[in-house]
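Enquirer: Dock chains R and C against the given chain A, drawing on the hints supplied.
Residue-level listing of the chains:
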Amino acid sequence: MTEKQTTTSAAFFATLKRDLLIAFKKKNDIVNPFMFFIIVVSLFPIGISPESDRLTEIAAGVIWISVLLASMLSMDNLYRSDFEDGSLEQLLLSPHPLFFLVLAKNISHWLVSGLPVVLVSPLLAYMLALPEEAYGTLVLSLLLGTPIMSLVGSIAVALTVGLGSRGLILAVITLPMSVPVLIFGTLAVQSTLNSQSPLGYLSLMLVMLSVSVSLAPLASAAALRISVN
Amino acid sequence: MWVWFFKLGSPKWFYELSGKWLPWLIGAMVIFMTVGVVWGLVFLPPDYQQGFTSRILIVHVAVAGTSLAFFPLMFVAGTITLVWRMKLADMVAKHAAILGAWFSFITLATGSLWGSVMWGTWWEWTDSRLVSMLFQLFLLLGVISLRSALEDSDAAAKACALLSIVGCINVVIIKYSVEWWNTLHQVSSPVTTDASSPNGPEFWIATLIMIVAVYLFLSVSLILSTRNEILERERKAQWVQDLVLKS
Amino acid sequence: MLDAIQFSTWAEFFDMGGYGFNVWSVYALFAIFVAINLIFPWRKKQKIIRQLKRRMTLDAEIQSEDDSSGD
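Chains as they are written, first to last, in our numbering: chain A, 1 to 229; chain R, 1 to 247; chain C, 1 to 71.
This is chain A alone, in the form it adopts within the complex (with noise of 0.2 Å):
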């Protein structure tokens, strides 16, 4: 019994170990992703106003949808390369629970394409002349807003796995879910600009990261199985 635990959290441990290796080698997933939200973010200014009293008004909107393009553009290579070269059959024959392997890869893809631009939000923030007492709730509320994403939109990566272009569909799909999160987040930032406390909405938001982090794995790995037969 301890022998088959210890060996699935290896085996946790490994597929987050192996899925960083391999986007620290390509570099591009871990690039692509932070230079398109910043790419977007400047071109805020440029197509509304430089203006920083309306930049102020849609600072905490602007970052939040970027962020969700970015994050759902990044999901593209989650599942596609190693459903390429076979890996991701081998994934489904592992003796392990899927769960935890699905977990595996969604944390580290987080790692690489979600962490980095919520580090950077600041900055952007700061170009977007968002005041500064709002930039902590910003960086928490995305700290939690960008996991359920990637949790969520993994579902519909594994849903679309096998097709040849799906660029577009996976937009579709996912964008109508993020909602919640779109709303919470920014209704914390705004809080904290109205000076109440974001805490209720943080709190929202942690109690939604927690579902998805107990059931949207167990759909992502129903949909793999799916999706690869």
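Hints in this document: simulated from the structure, not taken from any laboratory. Using N, Cα and C, we set each Cβ at its ideal position, and we do this for glycine too. Be aware that one or more of the hints could be misleading.
What the hints assert, rightly or not - Here are some, though not all, of the chain C residues that point toward chain R, as calculated from beta-carbon distances under 8 Å: (1) 4; (2) 26; (3) 27; (4) 30; (5) 33; (6) 35; (7) 37; (8) 44; (9) 49; (10) 62.
Expert: Then chains R and C, alone, in the frame of chain A:
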């Protein structure tokens, strides 16, 4: 006890049974539709606040109420598809998604035709019902496009079943979070609750008749499409060939 | 029954107390919506049966040709 359940999973059994039900359902639908529409257009007295726009509401409320049934329906069908591998559930789910998108669209269109007089605007982000209906439409379109992208019907069935289950959970979360979001943005809203509910028992009886009519229409349309799907998927079966030869 | 009719002239009926365009648009939209979702499945059924019939007669012809050439 479970026999009827697995019998229902047999397309042939469903085809024969629904063939017997259809005339009655269609008859009831025609009666309720006629009564509802004639009452709505000719007899329903004007509301003291809204005038004749209450006549829009009986159609809008009936379609909107019914369109909320689609995701629960797809949730149940999806569970049956995944757990019992019942082909019939997937055939129903496929057409439920398409019909549900129609219902959501008509809800939005009739809602904005009503809003354009009562609120003075065709679209109102501060009305949480409109916003969550919009996202229900998006989620349904996602299910439909996933189905059309995955050509293999067995994998498509399971994938759409899973997405419908996830979507149903999501639509509930979206509904409540959008409502919450709206209570915080009510400052300059033309939407007030007392302006959206006309009074009088006559209005509610007419609405009730329309709701029954729309539910009957939903079942008739869904059964017709499901029967077509059965004919197409079971075209190699002997009973379908006999049926084609007879017609 | 007739007293309950809310209109005395046709013009009044079409005007709907000033909301004619919206009320009639909603009912027209509803009628189109109902009609499309009943007529399309019905016509599709005719089409499917026609196609199946044609395929079956074709199959039968091929079958009989095979039989005659095999003799």
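Enquirer: Against each hint, give a clear statement of whether it holds in the structure.
Expert: Checked hints:
Evaluation of the residue 4 of chain C hint against chain R yields a held restraint, the C-beta minimum of about 5 Å falling below 8 Å. Among the interface hints, the one on residue 26 of chain C holds; its C-beta lies about 5 Å from the nearest C-beta in chain R, closer than the 8 Å criterion. Hint status for residue 27 of chain C relative to chain R: holds, with the closest Cβ pair at about 6 Å, below 8 Å. Taken as an interface hint, residue 30 of chain C checks out: its beta carbon lies about 5 Å from the nearest beta carbon of chain R, inside 8 Å.
With its C-beta approaching chain R no nearer than about 5 Å, residue 33 of chain C sits inside the 8 Å limit, and its interface hint holds. At a threshold of 8 Å, the smallest CB-CB gap from residue 35 of chain C to chain R is about 10 Å, leaving the interface hint violated. About 4 Å separates the beta-carbon of residue 37 of chain C from the nearest beta-carbon of chain R, less than 8 Å, and the hint is met. Taking 8 Å as the C-beta contact cut-off toward chain R, the hint placing residue 44 of chain C at the interface holds, the least distance being around 5 Å.
Restraint check, residue 49 of chain C versus chain R: the minimum CB separation of about 6 Å is within 8 Å; hint holds. The closest approach between the C-beta of residue 62 of chain C and any C-beta of chain R is roughly 15 Å, which is over the 8 Å cut-off, so the hint fails.
In this structure, the hints that do not hold are numbers 6, 10, in rising order.
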